[in-house]
Amino acid sequence: ETGVTQTPRHLVMGMTNKKSLKCEQHLGHNAMYWYKQSAKKPLELMFVYNFKEQTENNSVPSRFSPECPNSSHLFLHLHTLQPEDSALYLCASSQFEGVNEQFFGPGTRLTVL
Amino acid sequence: GESVGLHLPTLSVQEGDNSIINCAYSNSASDYFIWYKQESGKGPQFIIDIRSNMDKRQGQRVTVLLNKTVKHLSLQIAATQPGDSAVYFCAENRSGTSGTYKYIFGTGTRLKVLA
Numbered sequence: 015e016t017g018v019t020q021t022p023r024h025l026v027m028g029m030t031n032k033k034s035l036k037c038e039q040h041l042g043h044n045a046m047y048w049y050k051q052s053a054k055k056p057l058e059l060m061f062v063y064n065f066k067e068q069t070e071n072n073s074v075p076s077r078f079s080p081e082c083p084n085s086s087h088l089f090l091h092l093h094t095l096q097p098e099d100s101a102l103y104l105c106a107s108s109q110f111e112g113v114n115e116q117f118f119g120p121g122t123r124l125t126v127l
Numbered sequence: 063g064e065s066v067g068l069h070l071p072t073l074s075v076q077e078g079d080n081s082i083i084n085c086a087y088s089n090s091a092s093d094y095f096i097w098y099k100q101e102s103g104k105g106p107q108f109i110i111d112i113r114s115n116m117d118k119r120q121g122q123r124v125t126v127l128l129n130k131t132v133k134h135l136s137l138q139i140a141a142t143q144p145g146d147s148a149v150y151f152c153a154e155n156r157s158g159t160s161g162t163y164k165y166i167f168g169t170g171t172r173l174k175v176l177a
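Keeping their order, the protein sequence lines are chains A and B. Each residue of the first sequence is one higher than the one before, starting from 15 at the first, in this note's numbering. Each residue of the second sequence is one higher than the one before, starting from 63 at the first, in this note's numbering.
Careful, some of the hints might be misleading.
[Unchecked claim] Okay, derived cross-link-like pairs now, DSBU-like style, lysine-lysine, Cα gap no bigger than 30 Å in a straight line: (1) Lys164/B <-> Lys66/A; (2) Lys55/A <-> Lys33/A; (3) Lys104/B <-> Lys33/A; (4) Lys104/B <-> Lys32/A; (5) Lys54/A <-> Lys164/B; (6) Lys36/A <-> Lys164/B.
Think of the hints as simulated: they come from the structure by calculation, not from any bench.
For reference, chain A alone in the conformation it holds in the complex (with noise of 0.2 Å):
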């Protein structure tokens, strides 16, 4: 619908576990970003990628690697991740970084156990 797809849409995990994410946008876009949405809490933004160099990693635990192999692709890679990380993540893409109308992707559902 928005021309940003994302797989899986739901994930279920445990702790010791290595799963990825991904993301992939059929817009021409340049910028993709990854947001964590929790319940009750805004939009947390975690990494942007412009022309497929990362240029902003908002604090977040080296348990979440992104990789952006292409400016239409984008992955977040999950290791031994705690169950406060479960939540709704959100991939968007852009025109370019920062000033245009993001497009959102409808999210995976992650579950930690």
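Place chain B on chain A using the hints.
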């Protein structure tokens, strides 16, 4: 500290009435603002934006008002419909840690449209 917030966490409106959702921001340097709508099970969807050199902008059934004097933003929805039921976020654009811009979102207001 600096923040973007919403006055009302939940707003219930009769179908056909107008809705007003409010937002306060604290950084006078912010120069771009967006309203997003998030329906259940979906990501946020752009509704309307406004730049700081404007105080009003209209879209289809929606109007955003910006009052820079009191750092206040509002979203007005005319003739509210059941499909308008969702959570609405405001966001401001301000310079980030690396000198680039990043968005700061409010906590959201849930709009419930009553039949």
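Now the hints, each set against the structure:
1. At most 30 Å may separate the alpha-carbon atoms for a hinted pair to count; Lys164/B and Lys66/A meet this at roughly 17 Å.
2. For the suggested pair Lys55/A and Lys33/A, the alpha carbons sit about 24 Å apart, so the restraint of at most 30 Å is met.
3. Between Lys104/B and Lys33/A the alpha-carbon distance is near 22 Å, which keeps this suggested pair within the 30 Å criterion.
4. Pair hint Lys104/B plus Lys32/A holds up; C-alpha atoms about 25 Å apart against a cutoff of 30 Å.
5. Restraint check for Lys54/A and Lys164/B: satisfied, since their Cα atoms lie roughly 21 Å apart, inside the 30 Å limit.
6. A distance of roughly 22 Å separates the Cα atoms of Lys36/A and Lys164/B; the hinted pair therefore holds under the 30 Å criterion.
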